[in-house]
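2 protein chains.
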Amino acid sequence: MKRTIKAALIQQSKSADVAENRNRMVAAVKKIAETERPDLIVLQELHDSLYFCQSEDVNAFDLAIAIPSEVTERYSRLAREANAVLVTSLFERRAPGLYHNTAVVFDRDGSIAGKYRKMHIPDDPAYYEKYYFTPGDMGFKPIDTSIGRLGVMVCWDQWYPEAARVMALSGAEILIYPTAIGWESTDSAEEKERQLQAWITIQRSHAVANGIPVISVNRTGFEPDTTGMTNGITFWGHSFAAGPQGEILEMAPADKEWVKTVELDMERSENVRRWWPFLRDRRIDAYTPILKRYND
Amino acid sequence: MKRTIKAALIQQSKSADVAENRNRMVAAVKKIAETERPDLIVLQELHDSLYFCQSEDVNAFDLAIAIPSEVTERYSRLAREANAVLVTSLFERRAPGLYHNTAVVFDRDGSIAGKYRKMHIPDDPAYYEKYYFTPGDMGFKPIDTSIGRLGVMVCWDQWYPEAARVMALSGAEILIYPTAIGWESTDSAEEKERQLQAWITIQRSHAVANGIPVISVNRTGFEPDTTGMTNGITFWGHSFAAGPQGEILEMAPADKEWVKTVELDMERSENVRRWWPFLRDRRIDAYTPILKRYND
Numbered sequence: 285m286k287r288t289i290k291a292a293l294i295q296q297s298k299s300a301d302v303a304e305n306r307n308r309m310v311a312a313v314k315k316i317a318e319t320e321r322p323d324l325i326v327l328q329e330l331h332d333s334l335y336f337c338q339s340e341d342v343n344a345f346d347l348a349i350a351i352p353s354e355v356t357e358r359y360s361r362l363a364r365e366a367n368a369v370l371v372t373s374l375f376e377r378r379a380p381g382l383y384h385n386t387a388v389v390f391d392r393d394g395s396i397a398g399k400y401r402k403m404h405i406p407d408d409p410a411y412y413e414k415y416y417f418t419p420g421d422m423g424f425k426p427i428d429t430s431i432g433r434l435g436v437m438v439c440w441d442q443w444y445p446e447a448a449r450v451m452a453l454s455g456a457e458i459l460i461y462p463t464a465i466g467w468e469s470t471d472s473a474e475e476k477e478r479q480l481q482a483w484i485t486i487q488r489s490h491a492v493a494n495g496i497p498v499i500s501v502n503r504t505g506f507e508p509d510t511t512g513m514t515n516g517i518t519f520w521g522h523s524f525a526a527g528p529q530g531e532i533l534e535m536a537p538a539d540k541e542w543v544k545t546v547e548l549d550m551e552r553s554e555n556v557r558r559w560w561p562f563l564r565d566r567r568i569d570a571y572t573p574i575l576k577r578y579n580d
Numbered sequence: 285m286k287r288t289i290k291a292a293l294i295q296q297s298k299s300a301d302v303a304e305n306r307n308r309m310v311a312a313v314k315k316i317a318e319t320e321r322p323d324l325i326v327l328q329e330l331h332d333s334l335y336f337c338q339s340e341d342v343n344a345f346d347l348a349i350a351i352p353s354e355v356t357e358r359y360s361r362l363a364r365e366a367n368a369v370l371v372t373s374l375f376e377r378r379a380p381g382l383y384h385n386t387a388v389v390f391d392r393d394g395s396i397a398g399k400y401r402k403m404h405i406p407d408d409p410a411y412y413e414k415y416y417f418t419p420g421d422m423g424f425k426p427i428d429t430s431i432g433r434l435g436v437m438v439c440w441d442q443w444y445p446e447a448a449r450v451m452a453l454s455g456a457e458i459l460i461y462p463t464a465i466g467w468e469s470t471d472s473a474e475e476k477e478r479q480l481q482a483w484i485t486i487q488r489s490h491a492v493a494n495g496i497p498v499i500s501v502n503r504t505g506f507e508p509d510t511t512g513m514t515n516g517i518t519f520w521g522h523s524f525a526a527g528p529q530g531e532i533l534e535m536a537p538a539d540k541e542w543v544k545t546v547e548l549d550m551e552r553s554e555n556v557r558r559w560w561p562f563l564r565d566r567r568i569d570a571y572t573p574i575l576k577r578y579n580d
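Protein chains in written order, with the working numbering: chain A, 285 to 580; chain B, 285 to 580.
Same shape as in the complex, but just chain A (with noise of 0.2 Å):
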């Protein structure tokens, strides 16, 4: 792996226009690795379209595509002509009535370096993932890429610690969270400042458990329930990077879009390792009841 990784965090709003989603993402890609050269470049979940999953609605699967194909052939595009590891996030047709929220990987050579489907599927008013996604089978198994070993999971995931540990457990040098999240408008000011700060908490703590830098994209925006059960969401951005220590090196705003690179120092992973030596004294022997639902 490099010594140091630069990473470009891409924060943009969505629209019902998939066709114009894509070209200002494939813009905001172009012009930052123009303009900074990134080693690795991070979308944010589901970014091709609107947060569709506010409502169950058959024709929504119309989105999906499969993998590969056209869509995934662009991306292979623009990895290879940003010279980046591309880290994006797709609704994945595998097969009639079978669908997936995957993350694929390209390479700077434009191959598919491999991808990760989403292993926790929420479901929550505004949030009906189980109606679209089929819970992943490929276990929480890290990317190779050129620039290094890459820990790429899928917003709802950020809350499980195992997920973190097992992705650093298998060599992972930089945990990955392509998210879409955000506050709907009738929570208190309060709560919706506890929601954001659990977020950040969350996240962070896998930076310090595991000693590796985090990376999680947020949408931004209002996107409103078309059924109306809800009042909509208001994506609450604030994508990150993380140092392994969790300190934050970089963070969005809520409510603009926002595009930053920032330095991976990776030997500092190392260093911080020897310093807190966590992976040494795991009781491996103790922690069977995690593979329980409940010890009861």
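It should be emphasised that the hints constitute simulated quantities derived from the structure, not laboratory data.
Careful, some of the hints might be misleading.
Okay, the calculated bits of chain A under chain B, using three or more residues with CB under 8 Å as the criterion [claimed, not checked]:
(1) 324-336
(2) 350-356
(3) 437-446
(4) 452-465
(5) 564-570
List time: in silico DSBU-like cross-link candidates among lysine-lysine, alpha-carbon distance up to 30 Å [unchecked claim]:
(6) A:K576 / B:K576
(7) B:K576 / B:K540
(8) B:K476 / A:K544
(9) B:K540 / B:K314
(10) A:K476 / A:K414
(11) A:K476 / B:K544
(12) A:K414 / A:K315
(13) B:K576 / A:K399
(14) B:K476 / A:K290
(15) A:K399 / A:K544
(16) A:K476 / B:K290
(17) A:K399 / A:K576
(18) B:K399 / A:K576
(19) B:K414 / B:K314
(20) A:K540 / A:K399
(21) B:K476 / B:K414
(22) B:K315 / B:K476
(23) A:K476 / A:K544
(24) A:K576 / A:K414
(25) B:K540 / B:K476
(26) B:K399 / B:K315
Simulated restraints on C-beta separations [said to hold, decoys possible]:
(27) B:E365 / A:T511: 38 to 44 Å
(28) B:T470 / A:D408: 47 to 53 Å
(29) B:A473 / A:N307: 45 to 51 Å
(30) A:K315 / B:K576: 41 to 47 Å
(31) B:P537 / A:E477: 20 to 26 Å
(32) B:E477 / A:E477: 53 to 59 Å
(33) A:D408 / B:D549: 19 to 25 Å
(34) A:V342 / B:K414: 58 to 64 Å
(35) A:D408 / B:E551: 18 to 24 Å
(36) B:A350 / A:E551: 46 to 52 Å
By construction, the Cβ of each residue, glycine as well, lies at the ideal position given by its N, Cα and C atoms.
The hints should help you fit chain B onto chain A, whose structure is shown.
Here is chain B on its own, set in the frame of chain A:
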């Protein structure tokens, strides 16, 4: 469990005079019990002595006590007088040449509700705990008390999400960490801040991941390294209580003794877990690598 638990956190500095340390701690417990009538009182790690693990000194084993013994009988009386569940942290002499770092929980009636032997044992310059303490052999078992089921662990355990998870899956309603951690003077101000924030973040994350409150009580004050190998430890205080979204409810300063009570709304855990149903979606079929040292 009561719907509300009033918890007291007692952060103190310590001297080489064990009797004086005990007397001052007992006085602090009695005072807060009289004035605030807490249900639960949490003390810092190894509160009866200096943090003797700064050096490997065979004479320091003289500080250890049997459980039960006169000392625990005194703390039994103290819990009964205070009418509170009392979480202590003791240097346990289990057998000749066999010692543990053990939290003993006394119930309101003075009985020993249970004990926990520190499972993860650190060993770093100025924290030579592997010399003194055999790793716990009782697992991560919460302790049932008259006010609820307590997930008591000790210090280094706080860096391990697995430990917090096993406690939560075993029904722990609060996570409690007596602690002794601090700064070495040669670290930069930025490094010290990263360390402190990492420590706060990882513990708050256990509240977030598991939807239960966390209490952490640290010591304060400077204690020299008698070997001269390091510049000693300035214990960083910052004892705190966090709610089930990781929100800070109370937090101590770094450099002062501090006693504070905090009301824990236990109904909130049920609600937070409904809003953020992480336990529902755990992929227990995919966590097996957590039981390995490394997944290579």
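Report task. Could you grab the alpha-carbon distance between K476 (chain A) and K414 (chain A) and see if it respects the 30 Å cut-off? Result -> 24 Å, holds
Query - Coverage of the region 324-336 of chain A by chain B (three or more Cβ within 8 Å) - result: It is violated, with 0 qualifying residues against the three required.
Query raised in the report: Lying within 45 to 51 Å: is that true of the beta-carbon distance A473 (chain B) to N307 (chain A)?
Result: 46 Å, holds
Query raised in the report: Given the hint that K576 (chain B) pairs with K399 (chain A), does the C-alpha gap stay at or below 30 Å?
Result: 24 Å, holds
Report task. Given the hint of 47 to 53 Å, check if T470 (chain B) and D408 (chain A) actually sit that far apart at their C-beta atoms. Result -> 48 Å, holds
Query raised in the report: Holds or violated: the region 564-570 of chain A covered by chain B, criterion of 3 or more residues with Cβ-Cβ distance under 8 Å?
Result: As far as the region 564-570 of chain A goes, the hint holds, because 5 residues have Cβ atoms under 8 Å from chain B.
Report task. Below or equal to 30 Å on CA atoms is what counts here, so check K476 (chain A) against K290 (chain B). Result -> 26 Å, holds
Requested in this report: Given the range 58 to 64 Å, decide if the beta-carbon distance of V342 (chain A) to K414 (chain B) lies inside it.
Outcome: For V342 (chain A) and K414 (chain B) the Cβ distance comes to about 60 Å; the hint holds.
Query raised in the report: Can the suggested window of 53 to 59 Å be confirmed for the beta-carbon pair E477 (chain B) and E477 (chain A)?
Result: 22 Å Cβ-Cβ, so the 53 to 59 Å window is violated.
Query raised in the report: Between K414 (chain A) and K315 (chain A), does the CA-CA distance stay at or below 30 Å?
Result: 36 Å, violated
Query raised in the report: Between A350 (chain B) and E551 (chain A), does the C-beta distance stay in 46 to 52 Å?
Result: 48 Å, holds
Query raised in the report: Does the Cβ distance between P537 (chain B) and E477 (chain A) fall inside 20 to 26 Å?
Result: 23 Å, holds
The earlier numbered hints that this structure contradicts are 1, 2, 7, 12, 19, 22, 27 and 32.
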